[in-house]
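Asker: Taken in sequence, the protein lines are chains A and B.
In terms of this note's numbering, the numbers along the first sequence are unbroken and rise by one, the last being 968.
In terms of this note's numbering, the numbers along the second sequence are unbroken and rise by one, the last being 85.
Calculated from the structure, these hints are not laboratory results.
Small disclaimer: the values here were computed from a predicted structure and weren't measured.
Backbone N, C-alpha and C define an ideal beta-carbon position, used for all residues, glycine too.
Errors might be hidden in some of the hints.
[As the list claims (entries may be wrong)] In silico DSSO-like pairs for lysine-lysine, Cα to Cα no more than 27 Å straight-line:
1) A:K857 x A:K667
2) A:K647 x A:K859
3) A:K859 x B:K60
4) A:K647 x B:K60
5) A:K667 x A:K865
6) A:K16 x A:K96
7) A:K858 x A:K647
8) A:K859 x A:K667
9) A:K865 x B:K24
[Claimed, not checked] Not the full set, but computed from the structure, chain B residues with beta-carbon under 10 Å of chain A:
10) P11
11) G20
12) P30
13) W57
14) L66
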Amino acid sequence: MQTDRLDNGGRIDRTKTLNFTFNGRPYQGFEGDTLASALLANGVRLTARSFKYHRPRGIVGSGVEEPSTLVELLGDDASGNRPVTTVALREGLAAKSVNCWPSPELDVGAINQMFARFLPAGFYYKTFKWPNWHLYEPFIRKAAGLAAAPAEPPKEGHFENRYAHCDLLIAGAGPAGLMAALVAGRAGQRVMLVDEGSEPGGSLLSRNLMIDGKPAMEWVRSVSAELAGLSNVRHLQNATVWGYREHNFVMVNEREPEQPSILERNWRVRAGQVLCATGAIERTLVFGNNDRPGVMLASAVQTYVNRYAVRPGKRAVIFTNNNSAYAVAADMQASGIEIAAIVDSRENPPEVARASVPGVEVLSGQVITTTHGRRRVRAVTVAPAKGGTGRKITCDLVTVSGGWNPAVHLWSQSRGTLAYDQALSTFRPDKAAQSAASAGAADGHLVLAEALRSGAEAGANGGALPDIPASDDLDYAVDPLWQVEQASGKAFLDMQNDVSVDDVHLALREGYDNVEHVKRYTTGGMGIDQGKVGNINIIGTVAMQKGLPLDEVGTTTFRAPYTPVSFGAIGGIREGSVALPYRHTPVTAWNLANGAFMYESGARWRRPGYFPRAGEAFQDTVNRECRTVRNDVGVYDGSPLGTFELKGRDVGRFLDHLYTNVMSNLKVGRARYGLMLSDDGLVMDDGVALRLSQDRWIISTSTGHADAINGHMEEILQTEFPDWNVFITTVTSQWNNATICGPKAREVMQALGTDIDISTEALPFMAFAEGHVADIPARVVRVSFTGELSFEVNVAPRDLLRLWQRILEVGVPFGIAPIGSEANHVLRVEKGFLSLGHEVDGPIDPFDLGLGWAMSKKKADYLGKRSVALRRAGTSNRRELVGVIPEPDRMIPEGGPLTPGGEKKPTEGFVTACVYSTVHDRWVGLALLENGHSRHGETVHVRLNDGVIPARVTPPIHYDAGGERLRS
Amino acid sequence: MMNIPCPFCGPRNEAEFAFGGPVKPRRPDPNATSDDEWADYLTQVPNPLGPVEERWWHVKGCGTWLSIWRDTRTHDIVEGPGNAD
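Work the whole structure out from these sequences, hints included.
Answerer: Structural data, given as structure tokens:
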């Protein structure tokens, strides 16, 4: 039964009844309701328990400011910690309170109230500090009982991101925002008008005001209609401007895009100018037990009465320090709520205010000291503000208004400064830091006519002003009342975090006297609502206690988001497989079809790790693939290797600068291995350069570093040698390759058929030739990453799969098999070939790796030369690359530390790789060892958790030290 | 997200760029530099509270390395655009 629904009025559709449940009980509301208004209409007052003390709580606000009742939505809508006032009612909606179990009426945690005096600010920090907070945190979080995060992503629909640009972004479609949009839109500016509400109007939706002699909402309707007809204006409702970043970059979260499959849309808008027309938020008053259900903001009561046709109580006491509550009182009276009294803390409330509610008792110079009742308010005690005996007034609703704060959140996020305004007793926007402005109540223009004017001025931006429509509104006047000093009972400053005046006083006594420290120590102003209704009272309380003016206390920093934003909306469609997509070569599908175990092998390339056959364990497969290459012939897909084509007159000297060895004297048709250092002497990359013609080269880089090397080369070229004639083109995906490797590789090449002379004499190691292989145009390069005779057959991507399949067909008589990265790793370790990230880490230089020969002595300068020389001139021991043979024969985990004698001493190196060598039929490894080059034959010790493994030090080449096989 | 002026593409979102660090002094001739000077060149990176000249690579755009003067306190781009040379 909607017992508290008014008979008529409101912006609800009474023909559309919606069924919903709250804490398991069924209720009904109407289309246009929020969950909050529907609950109030059903007479539900106790809706929540508080965070810390589990005190009974009700609904306090009507919008994003709601500090009190958070709900968890259940079922397909599952989401947690939603302010009840921001949940639009839908058929079948199921919601429950947070912070209480099993229900707000019968809450087990309510026992905390008995211990309330033992739970002051900082209680957790003081009590749960040994051995550390993290031990206690999970239990406390559970006891605090905020809603659970949904376990599953939404079943249907998806999130979306969208970019937009505009000349003027207006945050807020209240009177000022609409006026600004109208003026700027008419002037032809590209305008984005963004409003968080379900319909435009802002405060006009809640108030009974007239514009141009007609109800204000008629003006809103006509302005909206005109804006809808302007193609240069984009008008979003249900969309919150939640972040204001540098360079006028603004984030907008749109919750109900017109496309139903889109759950939420996050706009990233670059705005020429931003107008903060975000309105103002009413602040609460701080008195004893001001959190009891039935104590509500005046603006919220006005909203429920006017917009939702709901009567939140039958007999009300209004407590105020300013004029705006008088207009609320008039609206309440008109809806049949009895006004027991208006308690005005001011000695002399202005006559204009009193005149709006003739006949109502105004108790001027008085305050409410406390409320009475248990699960909802039954009475209040009113006493003179200057002290004196109080009297009790019965009521079931306390309507409070502590004055208005401009919603400066966005403005502050833009780094605009604030100044304290004595007349309004609040902080107002002062100096802009970006191309931003404020208008309307957000700029302190709290009377409708001023709001309309300031909106028009902002929209005109110096241009011609239109006629400002006439309007009626009560003048605004306020005397600050930061707290009722003679309050009895807990007086809450921040209801969401259960922060009372006593907590702030305690924080100050304990030395947390900066307002930011007060916030962190008490948690006042944190949470979902970010202290929208109470923060300034905290500042006021600090100011009173310290005897400072408010502007010297200052505000805490306003940070994004203004209201909570779901992670899904920020991520958009960048989820799962598309968040960081894999790179594929043309044989990925073949690999998958042939049972390859695939994984990422650097730079998001998805490569086959190994090709298991029936009955094989992992190590069996790797051993078989290794034997295939060592004894017969294997083939692997080397396409992901970074490949760059360099063209121009100066490529030779450019490469001489980049690589440690001389490249410029390389003959056309030949290839050369090279090392790249950074200028501070660290090994960046290694690879092979091919000289295609006098001025045309191909260089390869390691797979994982291709993008970084590209940036490195371009930076050097563009910033240091801009006049050099070099053009760098990435061709990694323009050239793919199949690499045939093993003693029978040449026979496979012959079986494929090629017009290239592939004899050792014509095409020796580190040479290449262009022609055809299997009738496919190809460049064949004699490089080897396995230590065996290898032909890297480079073809266009469209031809790779055909070549690949042909190789495997003709290779059958030679025992060919595809080889994965695991076997490749074993083969390169056996040969002592480097792998960046294994043997090459931060401090290692080429001499340590035994590659001193690659450090040119002829070249006067190249990147890293000076730094390597400088470092090697020092006396510190170098870690040098060696081979290690574990004795007894067993695997050593990668990274296993070497310590002198295996004792608990500083390490003298570590094992970089350890593989099962099918050539030696045992485990072999590589290590970086202090002075390793002079310690061959020694026994070193790997110190592991499960024991010490002795290992013999050898040269870092376990196989074919002379390199006959790869040259064959 | 900053709006970075690319000399070829105009103002573009920061997401299109890779940060290249503050601009160091010109690379000295390593053969005519003392050890200390060389070490300073490598390790002394400008890190002011205020405007700093820094490089950005328009990697998801035209590929240009450019430099801007950015105020580290505010992200305001106080000078530029300009080619990195």
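Asker: Run the structure past the numbered hints and jot down the numbers of the failing ones, going up.
Answerer: As far as the earlier hints go, only 3 is violated by this structure.
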